[in-house]
Amino acid sequence: MIRNSGQKDVLTTLEGVNLRVKEGEVLGLLGPNGAGKSTLIKILCTLILPTEGKAYVNGYDVVKEGQKTRSSIGFITTDERSFYWRLSGRENLQFFATLHNLSPSQVRSKVEELLDVVHLKNRADEPFLNYSAGMKQRMAIARGLLNDPSVLFMDEPTRSLDPGAAKSLRDFIKEHIVAERGKTVFISTHQLDEAEQLCDTIAILDDGRIKAQGSPDELKSGLEANSTLCDVFSFYTGKSFDEDGVSHVPFAIPRRKKRGYGLGMKRKGY
Amino acid sequence: MAFEKAFWFIKRGYLLQMSYKFDFFLRMFFMLFNILTYYFIAKMMGDAAAKYLEPYGGDYFSFVLIGMAFSGYLMISLRSFSESVRDEQMMGTMEAMLVTPTNTSSIIALSSLWSFIFASIRVLLYLVIGIFLGVNMTHANVFGALVILILTIICFSSIGILSASFIMVFKRGDPINMLLMSSSELFGGVLFPIEVFPDWLQSISHILPITYAVNGMRHALLQGYTLTSLAPDILTLLLFTIILLPLSLFIFEKSVLKVKAEGGLVQY
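Just so you know, the sequences run in chain order A and B. Letter by letter, the first sequence follows residues 1 to 270 of our numbering. Letter by letter, the second sequence follows residues 1 to 268 of our numbering.
Careful: at least some of the hints might be erroneous.
Stretch-level coverage of chain A by chain B, calculated; a stretch enters the list once three of its residues show a Cβ under 8 Å from a Cβ in chain B [to be verified]: (1) 90–102; (2) 154–167; (3) 202–208.
DSS-like cross-link-like pairs, simulated, lysine-lysine; straight-line CA separation at most 25 Å [claimed, not checked]: (4) A:K64 / A:K54; (5) A:K220 / A:K64; (6) A:K54 / B:K11; (7) A:K54 / A:K174; (8) B:K21 / A:K68; (9) B:K11 / A:K64; (10) A:K121 / A:K174; (11) A:K54 / B:K254; (12) A:K121 / B:K11; (13) A:K64 / A:K121; (14) A:K220 / A:K174; (15) B:K21 / A:K64; (16) A:K220 / A:K22; (17) A:K68 / B:K254; (18) B:K5 / A:K68; (19) A:K54 / A:K22; (20) B:K11 / B:K21; (21) A:K22 / A:K64; (22) A:K68 / A:K54; (23) B:K171 / A:K121; (24) A:K167 / A:K220; (25) B:K258 / B:K171; (26) A:K22 / A:K121; (27) A:K121 / A:K68; (28) B:K171 / B:K51.
Because the hints were derived from the structure by calculation, they are not lab data. Yeah, the Cβ is synthetic: ideal placement off N, Cα and C, and Gly gets one too.
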């Protein structure tokens, strides 16, 4: 449970966040921009200290056992600036692998293994700045796997990718990271189809609060047949949802009204 | 593991520096201009300042060369920690490093390693060029100079860590850096002996660590003072270090906790 109560000058406040993620599960954190998704992930990755509450990752307290927490997790950010652009892909991975306390021989073997996994072995000695957006994102995944973490945090991993590259990345996550390696994945997204395709469980986060949590089918079960996650979001938050990550109070957008009742929601029995 | 990490931080710094080769060679080239400027000033002065320079061997060029070379460490110490914080924040690489098991203090310290190596290369070049231009270091007490150098780096780095703490919390406007840099250049005996000042101004020089660093280094390298003769400078630098190092580490840890709580560690 994480409770980060509001205080002055805090941009994002999380409150009453109570999540439990099972081993080997893919949990999707679905919410618009500013909902608190990144803040929650950063707290769990020990990058931000919560002002109140408790959070455990792999059984480690993220505040008191920061180093142990970090040893057991991987963090995949969408920020392609998070690499040294003038170093090669291989040098970047070797550098970060050393920060994960791998010995020189482990660094060599792990980096080669991961370059192979993300299909970048033949481009590994080129400067990072030559890579396409998709390649940069695959490098970010390789970096996230350097310490063979049990839990992987991904903050909007497909945000800067075109639809083709995004699909290929989703397939990669599903096949290689989840099915093959059995990692527990905590993924934040505002792409509804991405959440539906990848996640066993979805938590809807809005205004720093978890509004609902369950499998996609469970979340839709109380709504009309053929309801989408967009409808689920509207039902639980009272807002409509755009995939560009902006949530609206639905009456501000007339076209959304015809999709449901009242605040743009559908519900069985109406 | 610390060695491997240090190696990779140095390698990273070297590779990034060498990816801007022209800048690297340009900086080295203009360093020569700087040395030559003071060489000819010294030639013009002749024995005019002999009265003030007598405690340092009597030669202005030797005096100023040591001052310029080793004041570079002050500049690097003051800037490198805060600049490494800021550079990593701006490049966007800070977050990726902080999510590894390597702790924040080690990351900041290791990020500055290349700057110190680069500064040492510069100092070495200063000394080599100086020797070619007639600076006499035949009686140098190299061991004594190394003791002073190590204390100088630790002492200056402590001030640099304080400066980095300010940068982390306030992002810009670090008063320590501004105050120390300008006062050290004027009062620290870098370009001229502090004996030139009236007594009341000399008291400012005596509270600055750089005064003892360049003074001790001149005595060790130019006049070959023994460790006993160097003791006043060494002990004063040691005293500064004993006070400043734990203080700076304490303030740094507090600053890291503060910005982590505010979520501002990766912002600039």
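Here is how each hint holds up against the structure:
1. 90–102: Holds, because 8 residues of the stretch 90–102 of chain A bring their Cβ atoms closer than 8 Å to Cβ atoms of chain B.
2. 154–167: violated (count 0)
3. 202–208: Since 0 is below three, the answer is violated.
4. A:K64 / A:K54: holds, 10 Å
5. A:K220 / A:K64: Given pair K220 (chain A), K64 (chain A) is violated - Cα atoms ~38 Å apart, limit 25 Å.
6. A:K54 / B:K11: Violated - the C-alpha atoms of K11 (chain B) and K54 (chain A) are around 39 Å apart, more than 25 Å.
7. A:K54 / A:K174: violated, 30 Å
8. B:K21 / A:K68: Status violated; Cα separation ~40 Å.
9. B:K11 / A:K64: Violated: K11 (chain B) and K64 (chain A) sit about 33 Å apart, past 25 Å.
10. A:K121 / A:K174: With a Cα-Cα distance of about 21 Å, the restraint between K121 (chain A) and K174 (chain A) holds, given a limit of 25 Å.
11. A:K54 / B:K254: holds, 21 Å
12. A:K121 / B:K11: holds, 21 Å
13. A:K64 / A:K121: violated, 38 Å
14. A:K220 / A:K174: holds, 22 Å
15. B:K21 / A:K64: violated, 44 Å
16. A:K220 / A:K22: holds, 21 Å
17. A:K68 / B:K254: The given pair, whose Cα atoms are some 21 Å apart, holds under the 25 Å limit.
18. B:K5 / A:K68: holds, 18 Å
19. A:K54 / A:K22: holds, 17 Å
20. B:K11 / B:K21: Status holds; Cα separation ~15 Å.
21. A:K22 / A:K64: holds, 22 Å
22. A:K68 / A:K54: This hinted pair holds, its Cα atoms lying about 16 Å apart.
23. B:K171 / A:K121: Violated. K171 (chain B) to K121 (chain A) sits at ~39 Å, over the 25 Å cutoff.
24. A:K167 / A:K220: holds, 24 Å
25. B:K258 / B:K171: holds, 13 Å
26. A:K22 / A:K121: violated, 33 Å
27. A:K121 / A:K68: violated, 31 Å
28. B:K171 / B:K51: Between K171 (chain B) and K51 (chain B) the Cα gap is close to 46 Å, so the pair fails against 25 Å, i.e. violated.
Violated hints, listed in ascending order, are 2, 3, 5, 6, 7, 8, 9, 13, 15, 23, 26, 27, 28; each of the other numbered hints is respected by the structure.
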